[in-house]
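> From first to last, the protein sequence lines are chains A and B. Each residue of the first sequence is one higher than the one before, starting from 1 at the first, in our numbering. Each residue of the second sequence is one higher than the one before, starting from 1 at the first, in our numbering.
Read the hints as simulated data drawn from the structure, not as lab findings. A couple of the hints might just be wrong.
DSS-like, lysine-lysine: derived pairs with alpha carbons at most 30 angstroms apart [to be verified]: (1) B/K193 x A/K33; (2) A/K83 x B/K26; (3) A/K45 x A/K301; (4) A/K45 x A/K409; (5) A/K106 x B/K26.
On a predicted model such as this, the values are computed, not experimentally measured, just so you know.
Residues per chain are reported as follows:
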Amino acid sequence: MKQSAIRTLVVFSALFCFFVAGFSLAEAKSAGKIVIGHPACLSGKYAKAGEQAIGGIKACIDWVNNVYGGIKVAGKKIPLKYKYYDCESKKEAVTSLIGRLVTVDKVNVVFSAYSSGLTLRGAPVTESHQMLYMDHGGANNKIFRQGFRYIVQTIGPATSYHQGTLNMIHKIDPKAKKVALAYEDSEFAKMVMHGAEKYAKKLGFNVVFERTYPKGVTDLTPLLSALKASKPDFILGGGHFEDGQLFNRQLADLDIDTKALSLIAAATLPAFYKALTSMAEGVMGPSHWEYGVKYSAGEAKKVGLNWIGPNQDEFVALFKKALGKNIIPDYHAAEAGAQVLAYVLAVEKANSLDSDKVRAALGDLEFMSFYGGWDVDDTGLQVGHSMVDVQWQGGKRVIVWPEEAQTGKPCYPMPTFAEKAKGKIAVP
Amino acid sequence: MKKEITKYYPLIPVFTAYLFLFLVGKNISGMWQLVAMLLFYCAMGQAFNIFLGMTGYVDFGYVAFMGVGTYGMALAITNLAHIEGLGIGIIIIGFILALLMSTLLSMAVGAVALRLRGAYFAIATIGVNEGFRFLIEGARIWNGSEGLIFTAQLNQILGREAASSLMTYWADIMVLFIAALAAFVTLFYMRSKIGYALTALREDEDAAKVMGINVTKYKITAFITSACFAGLVGATSWALKTPYVFPPEVFEIHYTIEAIIIVLLGGAGTLLGPVVGGLIYGISKYYLSIFMPGFQLLIFAPIIIIIIVLFPEGVVGMLKSRTKGSVLARFII
Chain A
1 MKQSAIRTLV
11 VFSALFCFFV
21 AGFSLAEAKS
31 AGKIVIGHPA
41 CLSGKYAKAG
51 EQAIGGIKAC
61 IDWVNNVYGG
71 IKVAGKKIPL
81 KYKYYDCESK
91 KEAVTSLIGR
101 LVTVDKVNVV
111 FSAYSSGLTL
121 RGAPVTESHQ
131 MLYMDHGGAN
141 NKIFRQGFRY
151 IVQTIGPATS
161 YHQGTLNMIH
171 KIDPKAKKVA
181 LAYEDSEFAK
191 MVMHGAEKYA
201 KKLGFNVVFE
211 RTYPKGVTDL
221 TPLLSALKAS
231 KPDFILGGGH
241 FEDGQLFNRQ
251 LADLDIDTKA
261 LSLIAAATLP
271 AFYKALTSMA
281 EGVMGPSHWE
291 YGVKYSAGEA
301 KKVGLNWIGP
311 NQDEFVALFK
321 KALGKNIIPD
331 YHAAEAGAQV
341 LAYVLAVEKA
351 NSLDSDKVRA
361 ALGDLEFMSF
371 YGGWDVDDTG
381 LQVGHSMVDV
391 QWQGGKRVIV
401 WPEEAQTGKP
411 CYPMPTFAEK
421 AKGKIAVP
Chain B
1 MKKEITKYYP
11 LIPVFTAYLF
21 LFLVGKNISG
31 MWQLVAMLLF
41 YCAMGQAFNI
51 FLGMTGYVDF
61 GYVAFMGVGT
71 YGMALAITNL
81 AHIEGLGIGI
91 IIIGFILALL
101 MSTLLSMAVG
111 AVALRLRGAY
121 FAIATIGVNE
131 GFRFLIEGAR
141 IWNGSEGLIF
151 TAQLNQILGR
161 EAASSLMTYW
171 ADIMVLFIAA
181 LAAFVTLFYM
191 RSKIGYALTA
201 LREDEDAAKV
211 MGINVTKYKI
221 TAFITSACFA
231 GLVGATSWAL
241 KTPYVFPPEV
251 FEIHYTIEAI
261 IIVLLGGAGT
271 LLGPVVGGLI
281 YGISKYYLSI
291 FMPGFQLLIF
301 APIIIIIIVL
311 FPEGVVGMLK
321 SRTKGSVLAR
331 FII
């Protein structure tokens with residue numbers, strides 16, 4: 001009995017030591033460095049977006065430290081350091097890791113985990129520590145109506161996703177007035193489409209059809225038949241990849257031709273064209289950023305904004321180096337990287353690392369980088385970044401809007417499904 | 001009298017563990033959020049153990065009770081925030097609503113599923129969380145798929161500072177109390193007629209029936225009790241600590257799996273098991289995610305397998321058999 005009691009004691013002592021020793025192993029504040037803390041999603045359901053974000057952040061930190069020479073504060077150039085842990089895309093881990101980053105690692109700023117939910121989960125903790133909290137993955141506008149004082153967004157709000165598409169059609173076809181909205185019944189798609197509906201009405205469009213479909217839908221025929229009857233000029237729809245693909249395929253099956261079709265989340269993915277081939281010709285989709293955008297120091301000068309950061313090709317090279325993989329970054333990487341640049345400019349503007357001062361400086365900041373424009377309103381909501389609209393033309397993704405980012409002209413109206421079946425491709 | 005007191009001795013290690021966690025969180029800088037996570041896992045395990053541990057039935061729809069509890073609190077806050085003078089009373093109403101909703105759901109599920117046994121019961125409960133999520137999204141009740149976000153309402157009810165400390169501190173203290181209360185109820189059941197009846201049905205349900213035990217009554221009692229605690233954990237950890245509810249996040253089956261792992265790691269049907277399981281699970285995951293970010297699950301899976309193989313009855317199950325007949329046996333059950 002004595003032996004087993006001793007063994008039990010040893011096991012619990014070991015557990016206790018592990019528990020507390022983990023803390024003593026924590027690093028003291030990295031002297032002479034400005035530290036970005038990040039509960040990253042390296043595993044779990046947001047792992048893909050999380051890996052991209054880490055690559056984007058590392059790439060821009062590399063640029064800041066080795067090209068820019070560090071952040072200038074009080075006359076000194078200070079390098080940036082990146083401290084991240086894996087939150088497994090889980091809310092319980094997000095708060096515990098933010099707690100550690102703020103109090104043990106003594107980071108200077110916390111970057112949120114991916115998604116609106118995880119961003120919201122971390123916000124009360126950073127607020128209680130009066131720590132600047134930068135959001136590159138939570139697009140829900142409601143985050144910024146909760147009264148948080150230290151949160152600032154880089155990703156564009158969900159309500160602005162289709163503004164570019166609507167602006168484009170408004171400009172190139174003033175006669176097109178009838179828009180149909182058909183989208184997935186999900187928090188994200190609803191937020192996107194509420195914004196689209198509001199903006200469409202503001203531009204003078206008539207919403208002639210609006211309906212949602214459930215997640216995991218396998219047949220959209222009844223909905224699309226009703227949509228056909230409303231005779232829209234163009235359609236905004238989608239939600240995720242699977243339903244976006246089904247949407248496009250069944251539009252073709254039912255011969256529903258419109259001048260334009262824009263699908264969120266699905267249409268910008270290479271797999272979309274691979275699955276639909278010619279049926280995807282001319283289909284558009286909004287994206288926060290796409291490889292190929294034409295944002296540059298020259299464009300920034302034209303619109304009267306300051307430019308900072310690597311150009312697009314430099315960013316791509318740094319991203320590949322950071323991840324050690326030969327992959328092209330997507331918008332998750334670009335927005336996370338741009339957030340680093342925003343922080344750099346704000347610290348320099350505030351000439352301080354104090355969260356209150358840097359938050360105030362971020363409020364006044366306006367600039368352009370490879371990611372596009374950056375500007376936030378009083379609540380921290382991103383208002384300066386425009387989405388880009390991508391269109392499939394001849395099997396290639398072409399950035400057609402906004403004009404300062406475009407790599408090609410839009411094909412409008414897009415070919416009909418009958419024409420596409422005969423091999424016609426979308427050409428402007 | 002002494003016998004009355006000694007029967008509560010097993011609570012000493014449980015409460016000591018919770019007190020230890022509280023003191024560590026309170027006194028070591030930066031530990032509070034980790035402690036909050038560990039308390040969540042312990043409370044979830046303790047609540048689940050009342051049903052799984054005591055009956056041997058595996059309920060894969062368990063997270064649904066946490067989900068409806070979360071909605072109970074969220075609905076109280078979002079719907080009553082505009083009523084002046086209710087103040088903290090809204091949170092009390094939220095808890096009542098959470099209890100009511102989890103009780104009603106558990107009665108509805110129990111009435112159907114508890115007629116089944118073993119694998120059939122497990123399969124029948126798999127669909128509960130998904131079904132409930134689709135009901136909320138499809139029928140567009142409680143704001144449907146858009147969910148509810150209510151930090152602003154909490155600020156309005158309590159004031160910014162008080163709301164902030166509720167979300168980052170007091171909600172965790174409430175979880176601590178729920179975990180402690182769940183432990184007390186577990187022990188109360190273990191030491192009463194209910195516990196003996198549940199032990200009998202866990203070992204052999206048919207034999208228990210033949211002996212004249214109303215197995216349905218006791219199964220439902222354990223099921224509803226477990227569901228009520230799950231509802232309370234959801235109302236605190238997922239509504240007060242995280243003032244938003246998105247249906248896919250609160251009806252995620254992943255949490256049921258975690259609860260099963262915690263209970264099995266610690267020892268199903270033991271009082272101390274969920275605490276030990278919750279601590280092993282939470283601490284390992286936390287430190288692995290810090291020291292080996294991205295690879296922790298690869299390492300964590302074999303650790304779980306090793307523990308289960310070494311201690312098939314869980315860590316506390318092993319301790320129980322090792323300390324049988326000794327003075328420690330009074331404390332470890």
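> Need the list of violated hint numbers for this structure, in ascending order.
1, 3 and 4
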